[in-house]
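Protein chains: 2
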Amino acid sequence: MQKKAIILFSGGLDSTTCLAIAKAQDFQCYTLSFNYGQKHSVEVEHAKRLADFYGVAEHKILSLPIGDLAGSSLTDKKLAVADYNGSSDIPSTYVPARNTIFLSFALAWAEVLDAADIIIGANHVDYSGYPDCRPDYLQAFEQVAKLATKRGREGVIFTIHAPLLNMNKAEIIQQGLQLGVDYSKTISCYRADDKGRACGSCDSCVFRKKGFKEANTEDPTVYA
Amino acid sequence: MQKKAIILFSGGLDSTTCLAIAKAQDFQCYTLSFNYGQKHSVEVEHAKRLADFYGVAEHKILSLPIGDLAGSSLTDKKLAVADYNGSSDIPSTYVPARNTIFLSFALAWAEVLDAADIIIGANHVDYSGYPDCRPDYLQAFEQVAKLATKRGREGVIFTIHAPLLNMNKAEIIQQGLQLGVDYSKTISCYRADDKGRACGSCDSCVFRKKGFKEANTEDPTVYA
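These protein sequence lines map, in sequence, to chains X and G. For what it's worth, the working numbering labels the leading residue of the first sequence as 1, then goes sequentially. For what it's worth, the working numbering labels the leading residue of the second sequence as 1, then goes sequentially.
If you are wondering where the hints come from, they were derived from the structure by calculation, not from laboratory data. A portion of the hints provided could be inaccurate.
If several chains are the same, the list does not tell them apart, and a pair holds so long as it fits within one copy or across any two.
What the hints assert, rightly or not - Pairs of lysine-lysine residues, derived as DSS-like cross-links and limited to a Cα-Cα distance of at most 25 Å, are as follows:
(1) 3 - 39
(2) 150 - 39
(3) 209 - 39
(4) 4 - 48
(5) 60 - 210
(6) 185 - 146
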């Protein structure tokens, strides 16, 4: 019998690669997307289309009131998303506790579905320095998953898979291309317009652009 | 300067006692309630009135799509909340990953407010055996809080306070009465009607009723 996996799925380059990897590993895939007040909520439409394309077992879109807590330029209309500036500081697009919130819902769904595998596109090479994309964090969440749940207490081992964790963006793209991912259908930009066109200059665009260049492959992104 | 604390606040006996303790400890109190599809959502009205009464710095009510994931008789209209049956099994009212979801939002809000203290009314004496009310779970979440956040990475120690953890219900009530809590304003029943009247026979009612009896004090609960 196929094992079920919950995939945190934004419709971006990383999470779409994760979905392709999960399919190749013969997981039965349950994709989970969030409307959380992100300015680039057009990503959820991309996620829906990609989930359909990949024929996932179920795609769920949940609305979360993260924007009500404020604190991030990704959700707060009063704060602008900055251009990439090469700094190693955690940028204004950091959303407090976002991955913990996302993983908590994935864990709840996993428990309901009798799944023990959760897949997240976290990456700590070509990334913005977000604390909740690092290996020690993901390990700590696994421990929470074990102790928080009825099934964990009964001995089920929940695994947080982060298959992209140690890859750079070019390696992620190469892996995805080998698996047939059509990156023109994915979206990464923090300032994407409502037609899904990318700005080309936010952190996310800069890492993505650099990835295609270093992978020596054409960048299929549509820029505004 | 007063330290800020986020208090997970349902308007129930336990969390109201936590709020009274936090006030007595001179925390500046930020209360957080959730509409999560619980059948007894009348508790949120009680929480609002109690937060007003205690003059908290801010009371936030967030709506969460936990019910969309199903799996609990507390949120699923097709499943009945059972009467207390004395079993040591985790009951049908268990909501998968609920405290992890709640604590994740508390953590996000704490980070936005520059708070480092989160208070939860978890208790593992007179309780239903929920896995996410146990000390090892709360410790694991503290580790997640440290590693998930920008401020945690900068050295801030987030503390999950569970002041009721090792008290029985009678001790909780005695502590609250010493602090002047008016328990007639609190609500604990999983099957409370829309006027806030308790059923008297669900797990939550049974533990509460037993608590007042063992505390040798009048039970001010209004039963249907």
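Status of each hint after checking the structure:
For a Cα distance limit of 25 Å, the shortest separation of residue 3 from residue 39 qualifies neither inside one copy, at 34 Å, nor across copies, at 33 Å. For a Cα distance limit of 25 Å, the shortest separation of residue 150 from residue 39 across copies, 21 Å, qualifies, whereas the shortest one inside one copy, 36 Å, does not. For the identical chains of this complex, residue 209 and residue 39 are intra-copy neighbours only, at 21 Å inside a copy versus 48 Å across copies, given an alpha-carbon limit of 25 Å. For the identical chains of this complex, residue 4 and residue 48 are intra-copy neighbours only, at 19 Å inside a copy versus 40 Å across copies, given an alpha-carbon limit of 25 Å.
Taking the shortest Cα distances, residue 60 and residue 210 never come within 25 Å of each other, neither inside one copy (31 Å) nor across copies (42 Å). Neither within a single protomer nor between protomers do residue 185 and residue 146 lie at most 25 Å apart by alpha-carbon distance, with minima of 35 Å and 36 Å respectively.
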